[in-house]
Every structure is written in structure tokens, then in C-alpha cells.
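Taken in order, these protein sequences are the chains called E and X.
All residue numbers for the first sequence refer to this note's numbering, where the first residue is 1 and numbers rise by one.
All residue numbers for the second sequence refer to this note's numbering, where the first residue is 1 and numbers rise by one.
It cannot be assumed that every hint is accurate.
[Said to hold, decoys possible] Simulated pairs of lysine to aspartate or glutamate, DMTMM-like, Cα-Cα distance not exceeding 25 Å:
1) X:Lys50 / E:Glu228
2) X:Lys50 / E:Asp261
3) X:Lys50 / E:Asp331
4) E:Lys294 / E:Asp261
5) E:Lys253 / X:Glu109
If you are wondering where the hints come from, they were derived from the structure by calculation, not from laboratory data.
Given next are the chains, with one letter for each unit.
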Amino acid sequence: MKRLCAAFAVTLILLAFAGSALMQDPASPSLTSAFQDINVRQGPGTTYPTQARLRTGVPVQIIERNSVGTWVHVQQTLEDGTIFMDGWVVSGFLNLSVELRFSQVPVSTLADALPENAESPALRALYSAPIISPVSEAMRVVYQRGLEMRNYSHVVTKIGDSVSADPLYLTLMSRPGAALGPYDYLQDSLDYFGASTQVESVAARIGLNTYALFDAGWASPDTCQQGETPLECELRRKQPSVALIMFGGNDVKHINEVAYDQQMRRLVEETLAKGVIPVLSTFSANPNDPNWWKAVEFNNKVIQIAADYQLPLINLWLASRPLDGFGLEQDGIHMNHWGTDTLRFDNGFPAFSGANLRNLLALRMLDEIRRTIFLDPTAQG
Amino acid sequence: MHKLSLLIFRRMWTFRLIAVSALLLLAACGGGATSDPADVVLRFMDAKAKAHADTIRSLICSEMESAWEQQAASFGSVEARLEGASCSRGGESDVVACAGSIVAVYGTETTSFPLTSYRVVQEDGEWKWCGEAP
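Next up, chain E with everything else stripped away, as it sits in the complex:
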């Protein structure tokens, strides 16, 4: 009896150690720590209340993530199994394990923001739109029409001003040496669309605005036909299935929101008419910028237009809220860089560069479109 009792006690002790080791297993890919002190919030966004600070180096376990992976739900568990801290942090501030795969981390259903906590009612729409919108059934029809017009399923292009003309935006997807890090679930879409981003877009130019896009004078004479606008030229020569569109940084300085709305709708309609899925994007802005409230109005227009035409929408404005300087350079227009010419989403990088975050969101949206529409067996790609 004594032997049996001792054996039971030893088993219990071993089990207890095993349980403790599981919680603190340094080999677990989901175990991580922050490389600087960061806020822990009640949800995956800056409108969720802050409930704690995660100190540098303190080990936490990743429980789930937002739809992109830019925010993760972490828990700090004591040795007795008690959850000591539980909340959401920006994943870019974490020392992520090279073994971590976001494809194996559950996706939370929590919204990307709490609009009711917005600093102003004018910002509610911007906080209500998810970072990556779902892809509507209406876009399936556009895609099918595009295929009938001989558009290429694997070709994506970009349309916009200097923020989009930046050679480090989208074009990086065509370069070798991409390091997706934990964003492994994006690899197939990178393989699918990547090569098409190598060719420069004639509809993404420095100084371009929503009026110049329809001005033949802005079309490249070497590439475009006489009288063709940059938009017509780009869609003719590439015949893409998807166009990533972002305007605002230039327009906000010299036209009003009515004109912006009119021009953006014209852009959307011409793109749809060519069987190309237009993906709209809000643009980042800094509250200290003199054009801040105008930028908010413009971004609200973008959200409204996306809703009216059931278009895919990237809410870059929302995604860039946690970034230093909102992901912008000092000029308040261009996305900041951290100085590499390859696509890298491994440790920390999306947290420190607006340009990198934008690439991540573009690839995430392309992935959403490919999975929702292109991989559908009813679509003929």
C-alpha cells in the first residue's frame, strides 16, 4: 500500500512538472516576449482600452491573432496555471519564434476596432471598416467578365500617386529572398501574383492625382498610345484581374471632397468596365497635419464608395494607427521605410515601417481575393 501511495505521489509530481513545463516550454513556437515595453489592450486595436503593460522580455503565449496577424492575443500564465495577464498586443513588437506559423494560430472574431471609442464621431466610419474587408459576390461577376475579356488571373497592378509609385511598394513581391516569417499563409498568393508586380505601372506616378489619371498628357509616350490616359494604358497593357488603388495624399491638398468623390467613382467605374477588380484603400494621415480633417473626409468617401460598389477595401488608415508617426514620413504623405529592398515580414518589421505594413496588407487582400474567388471551382481561371 505504501508503495502504491508513493508511486501515485511521484506520478502526481511528474504530472505537475510536465504541466508546468508545457506552459513554459521554451520550444513552443507560440511562446514569445516583447523587445520593448508595450501596451496590452482588451482587443486588437488602439480603440480598445489599455489594461496592462507588457514588460520587455516577459514570456507570454500567443493564443490567437487578428485576420492579418498584426495583432495577437497573448496570455502570461503563472506556474500554477493561473492566467496572470491576458490581452492583445501589436505582433510587430514581439520576438517571434522562427518556428511560429500564423497559419496554425486561430483567428479571432473580435472587430479591428471599437468605433464607439473613437476620438470623434467623424472617425467612426474609419474605425468601423475592417482592415481587410471580405470579398463580395459582386466581385466574382467582375472577375468572370474579366476572364472573358482575356484578363490575366495572376496579374495585379497598382494605381495611385507617389505613395504607390514607390518601387518598394508591391514591386518587392517579384524579388527573390522574401522572408514572410510567421505570415506563412500568404506564401501561395505571393507565388501566384508576385511575378506580375515586376512591370512598372504607368498609372502610379509621382505627382499623379485623381484628375491627372484621366489626362493623356500624363501617359508615358514610350508605352502608351496617342490619346490614351494613364489608366486606359495600364489596363490595356497588363490586362490585370486586380488593381490596387490608393489616392488622397496629393488630392487632399488641392481639391475638395466632392471632386475627390466624383473622380474616385469615375476611376472605379472605368476599372470595373474593364473586368478588373478595384481594391480601394484608405490612406494614412497624421492628426497633427493641417489637412487631417480633410483627409478624414476623403477616407470616409473611400469607405462609402467601396460600400456602394461592394468593392474590397484595405483600411490602411486603421492598420497604421499603432505605428510610430502613423507609418508616415515627416512630409505626412509618404509611407516610411526601414531600408531594405526585399519583402520581409519577420521579426518586428511590420511594426516599424508604413511601407512594409502596406505591402503586408496588399498581399493579405490578394490572398483573400484568390481564396474567395479564384480558387472557387465555379470560376474558370
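Using the hints provided, position chain X relative to the given structure of chain E.
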């Protein structure tokens, strides 16, 4: 004879003055920029580079009137100017060919937009810019 000569001399001078004034008036009325299609195109492109909406509106043809805002705002996001620009009309055709370019500066980036050929039409006796020539 002396008085007659004086009278003739005075009349000649009066006539000359009237003639010169009439010529000057004619030059002022008829020699304005809008009478020369090449000059109209040059002025239009200059106004476009500088985003001068009023000038653009006054020089655009009625067929293109709905596009005046686009023409006025197209270079609104950059600092632009004409460089080496000259235009000439090919005989009696409605096409004006231009050389030179619009040079646009945005931050530290300078971009050149070569001028091309443009269509002109006459409306109410005035030449108007009417889009790029096909």
C-alpha cells in the same frame, strides 16, 4: 501758297495720326493671342502647367468644356512650368504641333512631360484648344 502748304501738311499729319491709331487699334484687337492658334495652344499649355483655371476655361473649346476642371487640376499636385516650348500650325490644318515639355517638380523629383500635337477649332472668331490630336 504758304497757307495752303501748311493746311496740306496739317491734314497729312492728321491723316497719318488717324492711320497710325487705326493700325494700332487693329493690332490691339486683331493681334491678340487668341487670333493665332499656335499661340492659343502655347498659352493653354502654360495655364495647364500652372493650374490657372480661368485661363484654361477661356481657351478650351465647347466640345471639351466638360473637361476644363480636369485640365486645370491635372498638374495641381506639382510645381510645373513650360520648358523649351514652341508651337506651330501645319498650314491651314486644325492641328498645332508643339515641341518642348512641361517640367514638373515634386519634392526632389523632376519629371518631364513632352508636348505633342493638339487640335484647335475656331469658335466665334477665336481659336480654342480642343484636346490632343489623334
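The hints, checked one at a time:
no.	hint	verdict
1	X:Lys50 / E:Glu228	holds, 23 Å
2	X:Lys50 / E:Asp261	holds, 24 Å
3	X:Lys50 / E:Asp331	holds, 23 Å
4	E:Lys294 / E:Asp261	holds, 13 Å
5	E:Lys253 / X:Glu109	holds, 18 Å
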